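Hey, can you piece these two chains together into the complex? The hints should help.
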Amino acid sequence: MTEQQAVISNKSPISAIWLLPVIAALIGLWLLFKSFSDAGIEITIKTTSAEGIVAGKTEVRFKGFPIGVVTDLDLTENLNDVMVTVELKNNTRRFLSENTLFWLVKPEISLSGVSGLDTVLTGNYFEMLPETGSQYVQEFEALTQPPPIAEDSPGLHVTLHAKELGSITHGSSVFYKQIKVGEVYGYDFSEDKSHIKIKLFIEEDYASLVKLNTRFWNASGIEMKGDLSGFKVKTQSLASIIGGGIAFYSPDIGDMTTKVEDFTEYPLFEGFDEARAGVVVLMDFPKNSGIKAGITKVIFEGVEVGLIEDFVYNQAKGGVTATVLFDPRLEPYLLSNMDFWLVKPSISLSGIANVDRLLSGTYVAFRLGDGEPIRHFDVLPAAPPLKYSEPGLHLNISADSINSLSFGAPVFYKNLKVGSIQNHILAEDQRSFNVHLFIEPEYMHLVNSSSVFYEQGGFEFSGTLRSFTVRSSPIEAIISGGVSFHTIDFDNGKTVANGHNFPLNNNLEHALNTETITLQVPNNYEFVEGITKINFGEKHIGTVKQISPSDDLQSMVLTIGYKADFKNLFKQTTKIWVVEPTLTSGNIAGFNALLGGSFFQVKPGTGAVKDDFTMLTKAPPNDADDPGLQLTLIADSGFGLVRTTPITYKKMVIGEIDALNYSKNGYSVEVSISIEDRFRHLVGLGSSFFVGSGFDVKANMQGMQVTTQSLESIVRGGIALFNDKADLTKPADEMDEYTLYANMSELLSSGREIQLRFEEVIAIKADAQVQYNGHVVGRVAKVELEQDLSATTLTVLINEDYPDLVRQSAKYWFVQPETSVAKVSNSIAYFIGNFISVLPGSGEMQTNFTGFIHEPALTSLPGGLNLTLTAADRGSINPGNPVYYRLIKVGRVLGVELNENANGVNVYINIYADKQHLVNNTTKFYNASGIKVDAGLFSGVQVDTESLETILAGGIAFATPVPTTAENLVETRVFPLYDGIDEDLKQLQPTLKKP
Amino acid sequence: MDTNVEAIITAKEKGLAQCPVCHLLVEIDNAKDNYCPRCDSKVYLRINDSIQRCWAWTICSLIAFIPANAFPIMTILYFGKGQPDTILSGIVLLLKFGMYPIAAIVFIASFVVPLAKIVGLFFLLYSLKNTSKLSKHQRTKMYRYIEIFGRWSMLDVFVVALLVALVEIGAVVEIVAGPGATAFGVMVILTIFAANSFDPRLLWDRETSNSMEQER
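Order-wise, the sequence lines are chains A and B.
At position 962 of the first sequence (counting the first as 1) the number is 962 in my numbering, and the numbers step up by one without a gap.
If you want my numbering, it's the position in the second sequence, counting the first as 1, plus 995.
Hints are computed from structural coordinates only; laboratory data are not their basis.
Computed from a predicted structure; not experimentally measured.
Treat the hints with caution; some may be incorrect.
Said to hold, decoys possible - Derived lysine to any residue pairs resembling SDA-like cross-links, with alpha carbons at most 20 angstroms apart:
| no. | chain 1 | residue 1 | chain 2 | residue 2 |
| --- | --- | --- | --- | --- |
| 1 | B | 1037 | A | 15 |
| 2 | A | 89 | B | 1066 |
| 3 | A | 765 | A | 833 |
| 4 | A | 34 | B | 1079 |
| 5 | A | 57 | B | 1079 |
| 6 | B | 1131 | B | 1046 |
| 7 | A | 89 | B | 1173 |
| 8 | B | 1037 | B | 1024 |
| 9 | A | 563 | A | 503 |
| 10 | B | 1009 | B | 1047 |
| 11 | A | 915 | A | 990 |
| 12 | A | 57 | B | 1084 |
| 13 | B | 1124 | B | 1195 |
| 14 | A | 34 | B | 1131 |
| 15 | A | 89 | B | 1170 |
| 16 | A | 57 | B | 1170 |
Unchecked claim - Pulled a few chain A residues facing chain B out of the computed Cβ check, cut under 8 angstroms:
| no. | residue |
| --- | --- |
| 17 | 15 |
| 18 | 17 |
| 19 | 18 |
| 20 | 20 |
| 21 | 21 |
| 22 | 24 |
| 23 | 25 |
| 24 | 28 |
| 25 | 56 |
| 26 | 57 |
| 27 | 992 |
Glycine included, each C-beta is placed from N, C-alpha and C at the ideal position.
So that you can see chain B by itself, here it is in the shape it has in the complex (with noise of 0.2 angstroms):
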């Protein structure tokens, strides 16, 4: 498979990049803005500062991730008596109850998806510039599945939401959202916007990306 990777000419390498809202395929100079002669949209050959970008949402993710985990995640009150419950605090509880699966379910999509996501993110960064142990193809698989799998962990978020919403039976059971609510789903936004703006092509380029990054 190598070799037929290695075979093949990519578009940056004759100087064309496609317009990425009209599919154009225009010929760009790489060392200036380039905008799509039709539909004046900008044209790159990679997504611009792909990995400064990268390392910079993946960091304030990695930041966010603390309060996510740290405040709690919301109060339920029966009668007015309630104990607010982190993440972590909750899925302890969950199991207190013996409530197994739904405790793998919120511990996976919660806590591992997110902390994965952050750590994948970072290895693939590190990985564009020292080698790797993973190949290429794994590497571009490990990206698709943090692009797809990163955006569950809003269900979090989302039920929180509801049920906040939902249950509202005066003073008999009421749920309030913590501040753990917040810094998660802030989290799991800057997530998604750290693999979106990580170009997987990236892992592609041949040893010219080594200069490329260093023209910027």
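For reference, chain A alone in the conformation it holds in the complex (with noise of 0.2 angstroms):
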């Protein structure tokens, strides 16, 4: 340890470190004085609820800004209130007056507005409005709600009348084109409690936007109009929709200079609408007006321009005197002469008029007139004709009824609205109306003395099956009904003068019907006047326009208008007979008829003009002179054709029906058809035709096929020809006949006829096929059984083009489906029916075959190798079978029977043409049918089959042990059929190529 002298200096005298106490009672002081003087001034707020206040949270705001805090709450004595105390900063001490204001600010979310919604977060708290006073006060009374803008606050105060306070309430909107300028600060009744007050703030800024002209409407909410033409939908701002508001608009009429005052009072509209109409207009109304005070308008061309407020009861002249709101642009208008009117919906089984007022209901319309400016009108129940002076053409229609001339309805040529209806009054006879007609004086000229005019209806239909047409009128004119016409004759009619009469035709068509023929029919038909038409071809050319009784009052007279242009059709030798809709199973006749009820068709003639015919009750048959190639067709039955059944050729028409009758024996029908000129030549020598009607369904085991002839002909039947077999270098000459068939397959088996004899009862039916390897080449005709029930004759038609069908020796059997162990045979007569079939023959021509039950053994095809090969017994081996070799089928069974001695079997097989060479003179034929088993003790169990399909149905196998050569030739064609074969000579491999 070494000691050693410290270096040693003066110490300090005095210690610094007592500053720090210092410093620290310094800040310690200045903490306390600035607590203290930061400390804020107690208030007490009395307020009715403490819903929501929570001392040490709940703040007392200003602008948002918290300047308080509520430090205590407490009840008051008689616990009616609650006393809250706060703590508010201590610079608002100056602010504390008896004009200072405070009030809870709660969240409020109502249909009326959203408010307060920072204290959903924040809590309620007091806002505070601050207000100098005369003297300092501690104590306070909280408000329930905001508290109104002063009305000493700069901007613009009014006041509004209301009916009622809607949807308004305080701090409601005030908008001038959808901007907010102001908002309601208030409401009360007025003094009388009649109505309300609502006062409204304008905010400086805008507070030139109000004049004295200056209309308020209630903006609130969605205000929706709708009518037949549209509707709209007219808002302010989404806040007025919640909040309700207050719009106003200031017209360009009116005095807009004046300065307005404050507290100028103006009346509050219900809308929009309901503020430009100004101009107050008292009317009396007749009785049964049927006014709606606020619904009712004015309508002035079609635009409202007034609307009835409010009406009083009037004794004095028994209705009621109705206080209107007028168009204020209307106002220079309203002068003595004017003249107003109702006009009311109507609705009746004829019609609906005014369709677009069934909404908005009865409405009053006016027509200007001079005179002095008064405010005080008569209305009339309905609208007074114009005068006759009125410039414009006035006609005098006459009318059976006057389902929609209603007054105002449109006059229409060529769908352009020309004039208007005035006025309609019943006639002197009291049958019909007095209509008076408007056009107007640029149409003028439209009108001359072959004018024609009829009621515009809605929709009008007119449909064949070719042709369908659908004419609509103008939309006016569907909904308020009207009349329309059409002139004619531009260069020769004569101009018409004032009070002209026309009469008023159901439609178009009967206007222009303007020639009339008399015809006289039977009491046992039915026509309706205006309704059934009479035809030309297919065209309507008029319509019965009166029907009235004979003079002997055993038949009719119709009295029938056309039109002019068929003025030709109407000579001495026309025939006019009736079409009559008939229905059947087989067929509709007359479609044209079901759709438009019965009607009549010309057949126009020659000779000198006439115009008094005599109905017939059918088609008259044809003359050779008629237009167009004429031809009688001969057929067993109508087959439900009619009259027009178009004739078709390759699916196209080339002509039709023109007439059917009987015969002159009964028992067959004439079809009288006509072939258009340009199609004359299509019909010549072997021509045939059949019924073509509908479909033709042919189906089988390899499908289904339709066919069908033209759509027209599947719904009306048609008649088809057929030109297969026929020479058209030898045309047909005019009143050929022809034989109608019933059908393409009677048409094609069409041929000779034979008799075919069954020993027995077979199930056959008429029109079943005849068959030759598939293939129809006929078809039973008729089906007889004999008396004793022993046997069945058939009449059966034979393809002319197969004479070999109908040789001595060929064969016919009746096929039906068996179902065996072996096969399913003949299955196609499931579907086709039980049918015959034959095989050719040779020899002479005969027409009386004797049928077999079963089908005969078939011996020999025209192709192939035809072998027989002799057996003693039949074995498995059944027609169809195959013949193998080498397990491949080469050939098959034909048939098997009996050889003629009965001491043996006879099967006769076909070798493939392209397979014959397969057999020799040294082949062996033997039944492959079955199964061989070979059991041996040492050997085991060999099991040979040919295939599997011989052992089910048998078949026949050969072997060819040498090739074939020129000497092997096969040259008896009868071979013996084996039971086995050697299975060496079944291993032999003998090349055998085609040769």
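Right under this line is the structure:
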């Protein structure tokens, strides 16, 4: 340890450490002072409810800025109120006067508004509105709602009078062009409690927008207006939808310059439209006017110009006197000679007039006039007719009824509105109406003496199977009805004068039927005036106008109006007959008549002009000199055919049926047809006709084929021309006769008629097919049973193209489906029904054959190699069984039958033509049917079959040990059929080449 | 034990002092400032003006103790709502919620310990010049505890600092430190200074200590 002398220096005399407590004390004092000086002013606020007020948390705010906090809550002594002690920042002292206002801000979400949304997060708070006053106050009473805007605050204060408050409330906005320019700050009843006074504050910047002529309306909610022409939705801002609001606008007319004083009073209108209507007019309404306050409008030329605001009963006149608010723009026209009248919607069975008014109800219309300006008018129950002095054309239309001819209904010319109906009054004879029609001056020239007037309906519908027309009138006419006219002849028509009389027709067609004929018809037909038509070809040319009994009451006389263009139709030999609809299971005849009822058909004639006819009940047969090629078809029956049924060739219409009549002997039907001239060459020697109605369905195992004639013929039936066997170089002559076949297969199988007799009763029907190897070669025309039921005789038609089928040795047999273990045979018969099969024969042609019940053995086919195998018995060999060579099918069994001596069986087989070189005279045939089982003690079991098919159905196999050469060609065509064959022979594999 | 202690010869008696930095034992002239000949650090027998300084720091911490408890230490704002809490009101709140152990910890660490420290220091300072019921051994032990536990009071300040920094979930929860936290931190630091400025060797100085004090 070494001791050393420390370096010595002088010690500072004063310790600086005592500065620290001094500083700390100073800071402490400062803090003390600060907290004292910051300590707020304690005030009390009396409020009715302490809802949401929490001591220490609930703030007092001014403009959202916290200036104090609730420190304590206490009830008043009488328990009615809550005393809230609040500590305010002490710099608010000077604002605490007797005028200072406090109110509690709570979140409020209601239909009329959302307010105090911030309190949801922060809790309720007091809002303070500082206001200087004369004395310092520390006790306040909270307001129940935000204070209204002070009435002396800068801006414009306006008082509105309203009938009811609507959804307007404190703070509802006032909009000008949808910009908020002020708000509602108060409302109260008027002194007499009859209406509401709403106090409005317009901000200073916008005060100039309010003028003396300004109109205020309630813009609360959504205003929706709709009528037939559409609807509109009008709203102010979303805020006003929710919170209610008032909007205003200042029209361009009226006092716009005078400065508006505070508390000027205005009415508050219920909506924009009401606000616009301004000029108050009194109107005396007639009895039963049906007007409604606030709904009934005054409409001028389709524009709403006024609204009935209110009405009082007018005992003196027996109606009501209404206060009507008119569009101010109309003010200069309110003169004493104006005519006002009521327009009422009407619905009747015959139509609806003024449908657009059904929605809006009765309205008031008027016509301008001159005179002194007045404010009191009489309203007429109906429109006064235009005076004849009014420029334009005034016409008088006599109508049977006034279906849609109400006042103001339009008059159309080619769907252009050219005038209107002014009035209608009952004619003097009390049977019709005189309708006063007014044509605008610029359209006067459209009317002349050849004009025809007709009722403008809604839709006009006319249709046949070939065409279909819908004609609609202008929408206006559909809705409000009206009258149209058509001027036929502009060149020769004479100008008409005011008051000219025209008849009113039901529709244009009737109007155009200016020519008439009379037709005598029997009593037992039903015709309808105005509906039953007369046709030329397929074209309507006229309508029955009038039906009256004949003089002797035995018949009726029809007056038929028709278009002048067809005047040449009605001559001396003209024939008119009736077409009636008939509905049968097989066909619909007179389809057009089904649509339009019975109608008349005209066949033009020659000779002198005639206007007096007698109706035929049936279409007359054709004459040779009628246009087109006239033919007569002889048919067994009418097949449901009707007049105008088309004749088609390759699915194109070439003519039509003119008439159907019984032949003279009554056994058949004569169908008169005419082929159009341009198709005349299509009918020649050998042409045939068949009824091509509807569908021709062919179905077999391979599929289905549907053949149809034209669509028209499906519906209407039709006759088809068949020319496959025709010689068109030899054209048909007028009035030639042809056979009409019932259908195409009858036509095809038409041919030789043979009698086929079966010595027992077989299940076959007429129309059953006659087939040769699956081809239809004829059909059964008739089935007759012997009287003792022992035999069946069929009349069979065999196609003339196959004469071999009616030769002496031809064989016919009956085929029906069979199901056996071996196979299903003749399954086709399940689909087409039992049928007759035929094998051609040779020798003389004959007409009487005997049919077999079973298929006769087929001994040979035209192609291939036909062989006969001789066997002791049939084994399981059946016709159709295969013939195998090395398990390949090379032929088939045609038939099996006993030989002539009955000591054996002949099996007829056919080797396919391309396989016949496999057979030569060394060939050995054996029966390959069944299973051959060899069982030996040591060799095991050997199962030997040809093929699965042969197990089931049997079959024949053969082996050819030696190649075919020129020497060993087949000669005898008769081979023995062995039961089996040596295996050795089977193993031989000679090369057999096709020659 | 006392006898042994009385028998100990102190460095002071020999006029020796240890350099507080390099621990060189040097002979010093108590009348003047002494510096270590090796490292030139100031060498003193006892901490310079230990009693005065300790008095001053302790008084400062006592002054700081008042705002530390009077002002709110932090405000927890749930959805913008919240009430500032002082240390004691926070403890009351914890007791209200039934969190007694935590309330006890907070009470001891944030209130009892700083207060005990200040009071203890005053007691020690007082006992230097006046007779005390406590022996020198007991008082030394007391000083040691004051020094060791005193700094744990800073825990409160750390907690507040951490919470303010960590809990900041937008408008949902926000913690704002109050002025009390600052005062509290200052108070704790002041007590640490006070404790450090106290030289426990003074407790063991003999009668001469009085005369030494008087020399100042």
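Consistency of the hints with the structure:
1. Taking the CA atoms of residue 1037(B) and residue 15(A), the gap is near 16 angstroms; set against the 20 angstroms cutoff, the hint holds.
2. For a cut-off of 20 angstroms, the pair hint linking residue 89(A) to residue 1066(B) stands: about 18 angstroms separates their Cα positions.
3. Restraint check: the Cα-Cα separation between residue 765(A) and residue 833(A) comes to about 8 angstroms, which is no more than 20 angstroms; the hinted pair holds.
4. For the hint linking residue 34(A) to residue 1079(B), the alpha-carbon distance of about 18 angstroms falls within 20 angstroms, and the restraint holds.
5. Between residue 57(A) and residue 1079(B) the alpha-carbon distance is near 10 angstroms, which keeps this suggested pair within the 20 angstroms criterion.
6. As the CA atoms of residue 1131(B) and residue 1046(B) are separated by approximately 16 angstroms, the hinted pair is consistent with the 20 angstroms bound.
7. At most 20 angstroms may separate the alpha-carbon atoms for a hinted pair to count; residue 89(A) and residue 1173(B) meet this at roughly 19 angstroms.
8. Proposed proximity of residue 1037(B) and residue 1024(B) is supported: the alpha carbons are some 12 angstroms apart, at most 20 angstroms.
9. Using a Cα cut-off of 20 angstroms, the hinted pair residue 563(A) and residue 503(A) holds, with the two alpha carbons roughly 17 angstroms apart.
10. At most 20 angstroms may separate the alpha-carbon atoms for a hinted pair to count; residue 1009(B) and residue 1047(B) exceed this at roughly 25 angstroms.
11. For the proposed pair residue 915(A) and residue 990(A), the alpha carbon gap of about 15 angstroms is at most 20 angstroms, so the pair holds.
12. A threshold of 20 angstroms between alpha carbons decides the hint, and for residue 57(A) with residue 1084(B) the separation of about 16 angstroms falls inside it, so the pair holds.
13. Simply put, residue 1124(B) and residue 1195(B) have alpha-carbon atoms about 14 angstroms apart, close enough for the 20 angstroms limit, and the pair holds.
14. Simply put, residue 34(A) and residue 1131(B) have alpha-carbon atoms about 44 angstroms apart, too far for the 20 angstroms limit, and the pair is violated.
15. Distance restraint check for residue 89(A) and residue 1170(B): the Cα-Cα separation of roughly 23 angstroms exceeds the 20 angstroms cut-off, and the hinted pair is therefore not satisfied.
16. Restraint check: the Cα-Cα separation between residue 57(A) and residue 1170(B) comes to about 16 angstroms, which is no more than 20 angstroms; the hinted pair holds.
17. Hint on residue 15(A) holds. Least Cβ distance to chain B is approximately 5 angstroms, under the 8 angstroms limit.
18. Against a cut-off of 8 angstroms between C-beta atoms, the interface hint on residue 17(A) holds, since the closest Cβ of chain B lies about 4 angstroms away.
19. The restraint placing residue 18(A) at the interface with chain B holds, with a minimum CB-CB distance near 5 angstroms, inside the 8 angstroms limit.
20. Using the Cβ-Cβ criterion of 8 angstroms, the hint placing residue 20(A) at the interface with chain B is satisfied: the shortest such distance is roughly 5 angstroms.
21. Because the beta carbon of residue 21(A) sits about 4 angstroms from the nearest beta carbon in chain B, less than 8 angstroms, this interface hint is met.
22. Taking 8 angstroms as the C-beta contact cut-off toward chain B, the hint placing residue 24(A) at the interface holds, the least distance being around 4 angstroms.
23. The interface hint given for residue 25(A) holds, since its Cβ lies 6 angstroms from the closest Cβ of chain B, which is under the 8 angstroms cut-off.
24. With a cut of 8 angstroms, the hint placing residue 28(A) at the interface with chain B holds, because the nearest CB-to-CB distance is about 5 angstroms.
25. At about 5 angstroms, the closest approach between the beta carbon of residue 56(A) and any beta carbon in chain B falls short of 8 angstroms, and the interface hint on this residue holds.
26. Interface restraint check for residue 57(A): the shortest CB-CB distance to chain B comes to about 6 angstroms, inside 8 angstroms, so the restraint holds.
27. Hint on residue 992(A) is violated. Least Cβ distance to chain B is approximately 102 angstroms, over the 8 angstroms limit.
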